[in-house]
Amino acid sequence: MKLIIAVIKPFKLEEVREALTAVGVQGLTVSEVKGYGRQSGHTEIYRGAEYVVNFVPKVKLELAVADGDVASVIETLAKTAKTGKIGDGKIFVLDIEQTLRIRTGETGEEAL
Amino acid sequence: MKTLPKIAGISAATALIASPAFAQAGVEAADHTAFILNSVLFLMGGFLVFWMAAGFTMLEAGLVRSKNVTMQLTKNVVLFALAAIAYYLIGYNLMYPLGNWSIGSDETGGYIGAFGTAVLEMVGVSAENADDLGYASTGSDFFFQLMFAAATASIVSGALAERIKLWPFLIFTIILTSLIYPIQASWKWGGGFLDSQWGFLDFAGSTVVHSVGGWAALAGAIILGPRIGKYAKDGKVIPILGSNLPLATLGMFILWMGWFGFNGGSQLAMGTIGDVADVSRIFANTNAAAAGGVIAALVLTQLLYKKPDLTMILNGALAGLVAITAEPLTPSLGQATLIGAVGGMIVVFAVPFLDKLKIDDTVGAIPVHLFAGIWGTLAVLFTNPDATFIGQIVPIAIIGVFVFGVSYAVWMILKVTVGIRVSEENEIMGLDMSELGMEAYPEFTNR
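Chains as they are written, first to last, in the working numbering: chain A, 778 to 889; chain B, 16 to 462.
It should be emphasised that the hints constitute simulated quantities derived from the structure, not laboratory data.
Misleading hints may appear alongside valid ones.
[Unchecked claim] List of simulated lysine-lysine pairs, DSSO-like, C-alpha gap at most 27 Å:
1. A:Lys856 with A:Lys779
2. B:Lys248 with A:Lys786
3. A:Lys862 with B:Lys321
4. A:Lys811 with B:Lys322
[As the list claims (entries may be wrong)] A partial selection of chain A residues facing chain B, derived with a Cβ cut-off under 8 Å:
5. Tyr823
6. Arg824
7. Gly825
8. Ala826
9. Phe869
Here the structure is a predicted model, which means the values were calculated and not measured.
No residue lacks a Cβ here, since even glycine has one placed at the ideal position from N, Cα and C.
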């Protein structure tokens, strides 16, 4: 089991969710986040004074998938979240040690 | 008793139809109609200016950070109530002594008006017993004038937002609306020395209302100091973004609407063709000046900063309105637009200028009300041949020295006695939680 974390552009969320559902993803957690990467924000002017917008708004997706589905989920994420412009985001993949469905007590891939 | 006037009215109407003296009765009715229409103008103007309290409140709520919104709302509603009471107890008669000056006289120049509470006409007053049949009902006049005193106090609250303690601010509000504002306003509108000796012209108060609020705010902002984090150690200005621009924009539109009453009502008469046409001119010119202020701020911020700045555009509209307030009647529509546009330009330059001096004005009240107010008072010279340069500039200076001086002293006294600034810890936490224990947006993370 892997935990896939994707940080993407907020306006891409709906398109990504539809594509993930189409490849069989049954659950996902979304948070509104702010951050920066190599682009490191941009400057704006408010009432005549410059300020740096360091943290750009992003959406963070977290989804747990069975080992067999990891490749297709990553491919789907990368394809649908991509605009080709700076700030498209990143995907991280982590190992999951244990999973438990709270209602039934199921564990492992059964709980996904 | 209640049906009696109706019966009398019916018999009077029958008499009119039957009577050959119809024309004479018409003349008599016209006298009363002027009184009635003048009173209606004051009531209509008064509730429009009342609504400006909502405009100031929304503008300020939108331009402060979310952690200080409840405090800003609280200050605005309470200051209005305090102004209403202070103006009733002291302000009204101090401002309109009707010749009963405590210091000075109508002929030699009045300086301090009469002391006493405001008294309305009796219930169901007759024409013979009206205070001034040639003018308007006292109730409508009091109601209208009170709103201007409250507006002056509203100006101060925005400039000092996000760091001033509630109670010292409220004490200042009482002093401003019961003494500072009425005393200097009596010098012009009460027939005092600026009116009788200097021929000062300030139709609805670019100086008498707006600059007064601006001077009081300037004195407060200097003594209070900037918000934590506004100016870096190297002198760089660090913008503190407003929390809700839709509210700020709504506030601007409410103020724009209220200004029709502010300027239009200041014609003080609506009983003749000439007066009602003048009120109409004033409405149209007031609107034109706001439009000029908006476009000037839009174009200037686009040119200077590559992107238009909505907060400056909002200030630009208000600066246009302040600028036209000293003379909304004599300009043509084109002149009014230009007078407002210069007001909008002044704001775009005055906001960074104050920052350079490290005077932190949270909502831009000083550029809008003080700087554009001075401009508007001088702009009277361009369209009203009765105005003289000396007759405008000297009263501007006299009122400036008086209001800034007294306000500075009051703020200093408050500072050394009760303190006017919240603790550093409380300012960082936000005034909503530290001073009131109540957030405006409890379901969101405040910053």
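Here is what the structure says about each hint:
1. A:Lys856 with A:Lys779: Within the cut-off at roughly 19 Å; holds.
2. B:Lys248 with A:Lys786: Not OK: Lys248 of chain B and Lys786 of chain A at ~36 Å, beyond 27 Å, violated.
3. A:Lys862 with B:Lys321: 23 Å, holds
4. A:Lys811 with B:Lys322: 23 Å, holds
5. Tyr823: 4 Å, holds
6. Arg824: Holds - the Cβ of Arg824 of chain A comes within 8 Å of chain B, reaching about 5 Å at its closest.
7. Gly825: With a closest approach of 4 Å, the Gly825 of chain A hint holds.
8. Ala826: This hint holds: Ala826 of chain A lies near chain B, its Cβ roughly 4 Å from the closest one there, short of 8 Å.
9. Phe869: 25 Å, violated
When the structure is compared with the earlier hints, violations turn up for hints 2, 9 and for no others.
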